[in-house]
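Participant: If you want the building blocks of each chain, they are given just below.
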Amino acid sequence: MGIRQVALLGTAIVSAGMIAALTAPSVAQAQNEQFIPNLVYRTGAYAPNGIPFADGVADYINMLNARDGGINGVKIITEECETGYATDRGVECYERLKGKGPTGAAYFSPLSTGITFALTEKAPGDKIPLITMGYGRSDSRDGEIFTWNFPLLGTYWTAANVAIQYIAKEWGGFDKLKGKKIALLYHDSPYGKEPIAALDIMSKKYGFDFLQIPVPAPGSEQKSQWLQIRQQRPDYVLLWGWGVMNSAAVTEAGNVNYPRDHMLGVWWSGAEPDVLPAGDKAKGYKALMLQHPAGKFAVHKDLEKYVISQGKSMAKPEEFGQVLYNRGIINSMLGTESIRTAMAKFGNKPMTGEQVRWGIEHLDLNADRIKQLGFDGMIGPIKVSCLDHEGARLSRVHQWDGKEWKVISDWFKGDDSILEPLVKATADAYGKEKKITPRDCSKAS
Amino acid sequence: MGFFLEVLIGGLLAGVLYSLVALGFVLIFKASGVFNFAQGAMVLTAGLALVRALDVFEQWHWPFGLALLSAFAFAAVIMAIIAWMVERLVLRKLVNQEDIILFMATIGITFFLEGLAQTLFGADVYPLNVGLPKDPIFLLESLFDGGILVNELDIWAAVAAGLLVAGLALFFQRTRIGRALRAVADDHAAAQSVGIPLNQIWFIVWLVAGLVALVAGAVWGSKLGVQFSLSLLALKALPVLILGGFTSVPGAIIGGLIIGAGEKLAEVFLGPSMGGGIEIWFAYVVALLFLLFRPQGLFGERIIERV
Numbered sequence: 367m368g369i370r371q372v373a374l375l376g377t378a379i380v381s382a383g384m385i386a387a388l389t390a391p392s393v394a395q396a397q398n399e400q401f402i403p404n405l406v407y408r409t410g411a412y413a414p415n416g417i418p419f420a421d422g423v424a425d426y427i428n429m430l431n432a433r434d435g436g437i438n439g440v441k442i443i444t445e446e447c448e449t450g451y452a453t454d455r456g457v458e459c460y461e462r463l464k465g466k467g468p469t470g471a472a473y474f475s476p477l478s479t480g481i482t483f484a485l486t487e488k489a490p491g492d493k494i495p496l497i498t499m500g501y502g503r504s505d506s507r508d509g510e511i512f513t514w515n516f517p518l519l520g521t522y523w524t525a526a527n528v529a530i531q532y533i534a535k536e537w538g539g540f541d542k543l544k545g546k547k548i549a550l551l552y553h554d555s556p557y558g559k560e561p562i563a564a565l566d567i568m569s570k571k572y573g574f575d576f577l578q579i580p581v582p583a584p585g586s587e588q589k590s591q592w593l594q595i596r597q598q599r600p601d602y603v604l605l606w607g608w609g610v611m612n613s614a615a616v617t618e619a620g621n622v623n624y625p626r627d628h629m630l631g632v633w634w635s636g637a638e639p640d641v642l643p644a645g646d647k648a649k650g651y652k653a654l655m656l657q658h659p660a661g662k663f664a665v666h667k668d669l670e671k672y673v674i675s676q677g678k679s680m681a682k683p684e685e686f687g688q689v690l691y692n693r694g695i696i697n698s699m700l701g702t703e704s705i706r707t708a709m710a711k712f713g714n715k716p717m718t719g720e721q722v723r724w725g726i727e728h729l730d731l732n733a734d735r736i737k738q739l740g741f742d743g744m745i746g747p748i749k750v751s752c753l754d755h756e757g758a759r760l761s762r763v764h765q766w767d768g769k770e771w772k773v774i775s776d777w778f779k780g781d782d783s784i785l786e787p788l789v790k791a792t793a794d795a796y797g798k799e800k801k802i803t804p805r806d807c808s809k810a811s
Numbered sequence: 391m392g393f394f395l396e397v398l399i400g401g402l403l404a405g406v407l408y409s410l411v412a413l414g415f416v417l418i419f420k421a422s423g424v425f426n427f428a429q430g431a432m433v434l435t436a437g438l439a440l441v442r443a444l445d446v447f448e449q450w451h452w453p454f455g456l457a458l459l460s461a462f463a464f465a466a467v468i469m470a471i472i473a474w475m476v477e478r479l480v481l482r483k484l485v486n487q488e489d490i491i492l493f494m495a496t497i498g499i500t501f502f503l504e505g506l507a508q509t510l511f512g513a514d515v516y517p518l519n520v521g522l523p524k525d526p527i528f529l530l531e532s533l534f535d536g537g538i539l540v541n542e543l544d545i546w547a548a549v550a551a552g553l554l555v556a557g558l559a560l561f562f563q564r565t566r567i568g569r570a571l572r573a574v575a576d577d578h579a580a581a582q583s584v585g586i587p588l589n590q591i592w593f594i595v596w597l598v599a600g601l602v603a604l605v606a607g608a609v610w611g612s613k614l615g616v617q618f619s620l621s622l623l624a625l626k627a628l629p630v631l632i633l634g635g636f637t638s639v640p641g642a643i644i645g646g647l648i649i650g651a652g653e654k655l656a657e658v659f660l661g662p663s664m665g666g667g668i669e670i671w672f673a674y675v676v677a678l679l680f681l682l683f684r685p686q687g688l689f690g691e692r693i694i695e696r697v
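Those sequence lines, one after another, are chains D and L.
Per my numbering, the very first residue in the first sequence carries number 367; after that it's consecutive.
Per my numbering, the very first residue in the second sequence carries number 391; after that it's consecutive.
You may find that some hints are simply not true.
As the list claims (entries may be wrong) - Here are the computed lysine-lysine pairs in the BS3-like style, where the Cα-Cα straight-line distance is at most 25 Å:
#1 D:K769 to L:K524
#2 L:K524 to D:K649
#3 D:K464 to D:K800
#4 D:K800 to D:K441
#5 D:K547 to D:K559
#6 D:K678 to D:K466
What the hints assert, rightly or not - From the structure, some residues in chain L lie toward chain D, with a derived Cβ separation under 10 Å:
#7 A404
#8 Q508
#9 V515
#10 L518
#11 D577
#12 G615
#13 V616
#14 L623
#15 V658
#16 G665
#17 G667
#18 I668
#19 E669
In case anyone wonders, no lab produced these hints; they're calculated from the structure.
Quick reminder that beta carbons are idealized off the backbone N, C-alpha and C, glycines included.
Okay, chain D solo, but in the shape it has when bound (with noise of 0.2 Å):
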């Protein structure tokens, strides 16, 4: 070996221990980071919906970050996928996002129904759970059959059961109910025929008409459907609209002079895009909540403190406070909390999906701890458990006066007499079909 070479060979050495030296703390680092994958939808049809969830989601991780450098000392990784609220391109950002992560992927919010249905199928081989917010299948609540779905804060059967409710209380009861007619006007996808089967099951038990009115999506052109609407005269109409379907339903409505307050929409119908557009033909129209309303709660000081004035969001500045905002915020919030309740039980490292999955199935965030959190006033208390994925069936009513939403009913919870029979036989019927061995919940840890 001459000169040459033995000082290359130094050379070599010497630089390989310089960047190793220099990179070891931040290998170190990402080691300890929690990956939470962000499926979102800025682009297409829905994007005017997609856009303030995406925006609350991500500044409340970042909020987190700034204020608590994450959770338990463990930074929180984010990374945006476009879906396009298409089912196809959110399966791909899931295979894409999964393994990211020293740990792979916490959870998934898909934010469509269409994607959790497909996610369902691949979460349990990939042991990663999802929380499915206010969406997605309905029975999946049935924590024995349902080990990796959780449709935290309310399902579509609880909305239409909620729905049912408060429209009897307006009435004066449920025997009002007798002989009216509620039709369903809904978005032609799994999303909207989901709470077909609640509302065929109430119709029958309280004895009103169900009629079902589908529009094909996106829904921008209904004018038959509310031709058939104005010949049908139905007493309340319930819409189960996403996206342009929304606005476009409401300024229909206000076409044939259907009346703005005898039209209810579920939750996922009931924010400022689904109603700016329409104008003054929205006055008036109702819409049921997630729990939570518009406006600005303690959380949102500490999001503007840390993440608003530092110019780190995204949202504009009328978006921070409404309706999809304040639910983005709410899924992190979720999210996050699970991940901390699994680090109670595994320790303060990143963790597994399996462990967030025990973690969101342990969730029990009671008044106190909400009020710590800054969402007093948003939220109930939730309590996560394995026979019960769903955590709290409450919910309240919100109005459009035109210019913002107020709260115009007190809270109604889900009937569950109603709902469990449903749950089970459905959650039993897609165990059988897809051969699964239900967990038994008494001897769960």
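Start from chain D and add chain L according to the hints.
Facilitator: Same frame as chain D, now just chain L:
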């Protein structure tokens, strides 16, 4: 009977709105033989440019009329820039290429325009008020219980479509440029050989299609708010084109009327017995049935290629 008439009239008026989008397709196909898949994206771009400019001018407290005219002018300039870029960056490089290559290029333009428009002007829903009345009116209330419901906006849309068709018919039949456009459509190379400037013609036809897209964007935007779904209107225009013929301006209107009335009557009277939501595919069924008897569409030119 009253309800049947109401659905029929509603369908006819909806069909006129589809025709507004279909017209843009016809113009470009008629003049260049290119099936412009990007027409829906052009409606979106024009609508977004219009509404965002109008918002800005209103914030500057300009009188409404001036703000509206300026916003239309701004959107027209944007459409002119797009027409120029399409001609300069895409079509010029593809002269005398196969039709399918030009078609594929317009698919690329679609995705580019959708992304660019949302990046430049935003991806929210923007309510648009161009001063058109939007209230419902009830006709023949003395004859039918509740009368026949018609929306004023739809009537104005029909007026706009009528004016556009008249203007375009005059443009194609009575102007030198119109005749040149038709010559280019027949044969690019032959038109060039007799001195028709192909590049200029293509710019003009894309500009005219852009202006038609602006009218469609203004009407549909007034109805729904300007938002991404305007781009999907292309899907509503396709059966209209199949039925009316790709080269006929009156065909786009007649096709729109038949498709609009057909799909609404089917949805209302057949839909409930078939589970509902049939109007989208039913429109294509109607168009395909017509094709069985007239493959070139109702008013399309019969193309005979000898081999």
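Participant: The structure should be examined with respect to each hint, and the outcome stated for every one.
Facilitator: Hint check results:
| no. | hint | verdict |
| --- | --- | --- |
| 1 | D:K769 to L:K524 | 20 Å, holds |
| 2 | L:K524 to D:K649 | 15 Å, holds |
| 3 | D:K464 to D:K800 | 23 Å, holds |
| 4 | D:K800 to D:K441 | 38 Å, violated |
| 5 | D:K547 to D:K559 | 18 Å, holds |
| 6 | D:K678 to D:K466 | 23 Å, holds |
| 7 | A404 | 5 Å, holds |
| 8 | Q508 | 6 Å, holds |
| 9 | V515 | 4 Å, holds |
| 10 | L518 | 9 Å, holds |
| 11 | D577 | 39 Å, violated |
| 12 | G615 | 3 Å, holds |
| 13 | V616 | 9 Å, holds |
| 14 | L623 | 8 Å, holds |
| 15 | V658 | 5 Å, holds |
| 16 | G665 | 7 Å, holds |
| 17 | G667 | 4 Å, holds |
| 18 | I668 | 8 Å, holds |
| 19 | E669 | 6 Å, holds |
In terms of the numbered hints stated before, the structure departs from hints 4 and 11, listed from lowest to highest.
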